[in-house]
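S.K.: Start from chain U and add chain D according to the hints.
Protein sequences, first through last, are from chains U and D.
Just so you know, the working numbering puts the end of the first sequence at 333, numbered straight through with nothing missing.
Just so you know, the working numbering puts the end of the second sequence at 1150, numbered straight through with nothing missing.
Worth flagging that the hints you see were computed from the coordinates, not collected in a lab.
Where a beta carbon is used, it is the ideal one built from N, C-alpha and C, also for glycine.
Fair warning: there could be bad hints in the mix.
[Stated by the list, open to error] Label pairs and their in silico Cβ distance ranges:
1. D:Gly1076 <-> U:Thr206: 17 to 27 Å
2. D:Ala1025 <-> U:Asn315: 36 to 46 Å
3. D:Leu1041 <-> U:Gly136: 38 to 48 Å
4. U:Asn315 <-> D:Arg1142: 32 to 42 Å
5. U:Pro308 <-> D:Ile1047: 41 to 51 Å
6. U:Arg59 <-> D:Gly1076: 43 to 53 Å
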Amino acid sequence: MPLDLVCPAGSLMSLKAAIDNGADAVYMGFRDNTNARAFPGLNFDETQAAEGLRYAHDRGRRVLLALNTYPQADTWARWTGAIDRAAKLGMDAVILADAGLMRYAVKQHPALRLHLSVQGSATSYEAVNFYREHFGVQRAVLPRVLSLPQVENVVKHTDVEIELFGFGGLCVMVEGRCLLSSYCTGESPNSAGVCSPPKAVRWTDTAVGLESRLNGVLLDRYGKDEKAGYPTLCKGRFEVSGETYYALEEPTSLNTLDLLPEMLKMGIAAIKIEGRQRSPAYVAQVTKVWRAAIDAVKKNAEGFKPTPAWQAELNKLSEGQSHTLGAYHRPWK
Amino acid sequence: MLNLAFPPSLANMVSRLPVTPPSLAFSLAANRLLWPALKTLDWQPLIGRCYAIRVKDLGLNLRFTVSQRGFAPDSGVPDLTISATARDFLLLLSRREDPDTLFFSRRLVSEGDTELGLTVKNLLDALDPEAILHRLPLPLARAAQRMMAA
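This is chain U alone, in the form it adopts within the complex:
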């Protein structure tokens, strides 16, 4: 089915909110740094994962497990253990980034369906096809750096299903290779599972504004009526040559509702919604809007136009001052 709606689940309640509001699939992580949302108290232990799977499968929906960080030599067994658990639990797919883990999964659990994570950073059909040929990967989540014509070029030259990000926070998008936060914290999201380890983050409401710091480094200072963003280095404001501004990336959210007809036409298999760190309220609200939008575009692609109500609802949930079509829309291309 084209344009499957894949929604985030950081907890059982979020999973239920996603399913109840029309997600075709949810993605979740285990309670450790084997996934890229390794926040304290978030994610699923084995019992909760089993209950989530039951809830989804009873309603004909699927559950994908994000195992999208990179194991280190001394922690290898934690990641392979997670693959074993995923297979035992009956996950519908695992979302992997590391080629070594793919090899392990293919050897130990040949029936387990593999998705290539955005963290795998495959942007060309040659790279996507490599994962298909060697590990039988069935779906790839493309990094958010390609324009739509570039995405289309990938789709045309591969049998692998293509999944695109549809909505959620944007970052500098050096997926799987971003080491920015390690300059401040000594940890990078690729192996630690978070961009800014919460233990290193401090928020202080001061007379001059709300300040966010990462391991003591001032990331941003928000004026009274400015919208705040996540405390990541890539979205900080820094002084460069005497000017203070978002030197790397402005806090914005991706919102691709406008592009749904083109995505449908080029045969995009699934749309991913970002936000496993968010609460059930967010998951319910965003899933509801995207379910309605995807149903509408499938019914009448030519006449499709996102309603102001959908856009307003999504804007309200967004990080940063604005939303954008991201790299998908580059009119000069």
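M.R.: Only chain D this time, still in chain U's reference frame:
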């Protein structure tokens, strides 16, 4: 839409009260009404830390700690301070708003130990509101249900 604005005079009056009586009242009420439903959660990472909830429009500053037996008033330096208006706290508790949404729009401020803050948030997110409602005294459960359906 829920409309809960408190008269400034009331907020002014409440803000002049010392911290302890409201914190004591909060702890007693929370233990009586909520603890039976909450105690099954994994409180281990939260035990012994000091928390402050600032209800900005009411001028209310609730300071408490958590143990295996429930909430208790506390006057230590808070490890975590969460500030919002009464209405926004209710929107959060009733699952009608997401904390990050309120945070981006500066309606919710979390200061102190960020890791502790996220642990609290995720612990509460994992709660099934229906299971809580089940254990509340009937009038309170009905009021909460009305609030969540509004």
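S.K.: Each hint should be assessed against the structure and marked as holding or not.
M.R.: Each hint, compared with the structure:
| no. | hint | result |
| --- | --- | --- |
| 1 | D:Gly1076 <-> U:Thr206: 17 to 27 Å | holds, 22 Å |
| 2 | D:Ala1025 <-> U:Asn315: 36 to 46 Å | holds, 39 Å |
| 3 | D:Leu1041 <-> U:Gly136: 38 to 48 Å | holds, 41 Å |
| 4 | U:Asn315 <-> D:Arg1142: 32 to 42 Å | holds, 34 Å |
| 5 | U:Pro308 <-> D:Ile1047: 41 to 51 Å | holds, 47 Å |
| 6 | U:Arg59 <-> D:Gly1076: 43 to 53 Å | holds, 47 Å |
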